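Asks: Spelled out from the first residue to the last, the chains are:
Protein chains: 2
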Amino acid sequence: MNLNDYMELINKKLDEYMPENDFPQDIFKSMKYTVTLPGKRLRPIMCLESCRIFGGNIEDAIPTACAIEMLHAQTLIHDDLPCMDNDDFRRGKPTNHKVFGEANAVLAGDALISFAPQIILKYSKNLDSEKLVKIMEEYVQYAGAYGVIGGQVADIEAEKNWKNNAFGMKPDELLNFIHNHKTADLFRLPLRTGAIIAGANEKDLEKITDLAQKLGIAFQISDDILDVISTFEEMGKTIGKDNNAEKLTYVTLYGLDTAKCKLSCLLEECYDIIEEFQVKSEPLLEIISGIKKRVGIDDNHTR
Amino acid sequence: MNLNDYMELINKKLDEYMPENDFPQDIFKSMKYTVTLPGKRLRPIMCLESCRIFGGNIEDAIPTACAIEMLHAQTLIHDDLPCMDNDDFRRGKPTNHKVFGEANAVLAGDALISFAPQIILKYSKNLDSEKLVKIMEEYVQYAGAYGVIGGQVADIEAEKNWKNNAFGMKPDELLNFIHNHKTADLFRLPLRTGAIIAGANEKDLEKITDLAQKLGIAFQISDDILDVISTFEEMGKTIGKDNNAEKLTYVTLYGLDTAKCKLSCLLEECYDIIEEFQVKSEPLLEIISGIKKRVGIDDNHTR
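Read top to bottom, the protein sequences are chains A and B. Take the first sequence: its position 42, counted from the start at 1, is 33 in the working numbering, and no numbers get skipped. Take the second sequence: its position 252, counted from the start at 1, is 243 in the working numbering, and no numbers get skipped.
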């Protein structure tokens, strides 16, 4: 399957898994609204593809893949809240709290954090209890304070304070901490769980975790670059916010050219890891070219 | 053990389980702040006692019991937010967002939803994977949109709209839905998981679930009564809010005397269920007397 086939499969299953008429409807509609906003579905695709690479049946990974997209949607809903980034648009549509109100948006996010593992437990019929427990362990690790939330908290603190070595960390250390968790942990979770579902060995798990880390940081660098060079229409959200707020990003810290350079290097390292796998992965290679393309690395479009 | 012994055990373990110096400290301090506010620890006690009643070892239920208190704290943090009940005090102390700010309070709540099952998975050394999966299933059911959050969403909607038969439900149906989930589900979760840890059979699970439902509603009625008759000092939070807001409560709907009457009946039914268990449960009986005492049922103090 290519990225597009995967995306269509994920979209179909997300629509199936997300009820909209259960009671009270407000919460289910609000959850479904953000989960089913158009998106590239990179994270669930990584889960399915990681499962395939290590010899598993992708059918077995579908509930986990979709659950991770639900968790991702949760982080978007809460990140967009007035008390956080206060964003009005996401993926080209009004943010959850703009449509359903702030209280509902808080609760829809909360509900998704439990709904996602509920989907895994309910629909992973071919996975035994040992594997389910392992997947739950991964989920709670990367969804929580040691994962994406830790990254988000550090990001908020950094916004006010990064120039003064917030937390006693140098800006580059802090920036790495933030995106190692805020971004890369949501790549680790699908790549690792996909491998676990397939029954991958420890060595392969290490490799895929390393890939997740590099791909995650690369993706974030490309996002920071895009925030500077793209337009509202391309991003589907308010752009140029990073710069206005003098936010700590790979671009504000290193400048545009060095950021691109770091991005290229990371992607090269990703290629190296992917080539070591016994099964060739076109979709992962496509994801890397996609990242290059969005920031114009191939065609020398540097500003 | 009596209620006080249980409470001390739970407090000791909560303090152990909640880190405060992990990075980023803001989030861990904020989580720990609300989880360790003084409280009666009724929910975790129910988990330990249910485990004991059905022949289990309470040691095995400690991580789950504490996790449920963490989930309970999560609901308090988010319910108190400005966009929800906008409360400044909880258990006699400033609410989480008053101390740590709104963004941190949202994220501390989010983090607790995953941190709680992480504690279960990490510390339940004597439970096999089958039992862990069952406990996870219970957790995600009662923590989510089909559980406490569904109750909270209905409660918010009811606040604006209960007199006009919100959701096409009569006020008494709606009130029951709200507290069957918002309150009773957080009694079902500990009583059921305690029983599951002990290996209780289906029939016993049904009984304990029935007890949870009745005790949960009874507890909520007593809360609604207290809101009318008590003072700030007794409750540790702003009181009389229900009445000011013309909120749907057992007292506004039925009046104080009928509410007390319903409460007494439910508690009698609870006694009946408890007497059927093969093991006598002083702590559950103590919880019932505690509910009676707080609203003055025994001593005829009706207003």
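Honestly, I wouldn't trust all of these hints.
If chains are identical, the list can't say which one is meant, so a pair holds when it fits in one copy or spans any two.
25 Å max Cα-Cα, derived SDA-like pairs, lysine to any residue [what the hints assert, rightly or not]:
{"no.": "1", "residue 1": "K122", "residue 2": "E237"}
{"no.": "2", "residue 1": "K23", "residue 2": "E148"}
{"no.": "3", "residue 1": "K84", "residue 2": "K151"}
{"no.": "4", "residue 1": "K194", "residue 2": "N156"}
{"no.": "5", "residue 1": "K122", "residue 2": "Q132"}
{"no.": "6", "residue 1": "K116", "residue 2": "L217"}
{"no.": "7", "residue 1": "K116", "residue 2": "F80"}
{"no.": "8", "residue 1": "K113", "residue 2": "L247"}
{"no.": "9", "residue 1": "K89", "residue 2": "F158"}
{"no.": "10", "residue 1": "K154", "residue 2": "E121"}
{"no.": "11", "residue 1": "K283", "residue 2": "N156"}
{"no.": "12", "residue 1": "K4", "residue 2": "F14"}
{"no.": "13", "residue 1": "K194", "residue 2": "I265"}
{"no.": "14", "residue 1": "K20", "residue 2": "N156"}
{"no.": "15", "residue 1": "K89", "residue 2": "E260"}
{"no.": "16", "residue 1": "K151", "residue 2": "G281"}
{"no.": "17", "residue 1": "K198", "residue 2": "L217"}
{"no.": "18", "residue 1": "K151", "residue 2": "C256"}
No lab work stands behind these hints: they were computed from the structure. Here the structure is a predicted model, which is why all the values come from computation and not from measurement.
Asks: So, against the hints stated earlier in the document, which numbers end up violated here?
Replies: 1, 3, 4, 6, 7, 8, 10, 11, 15, 16, 17, 18
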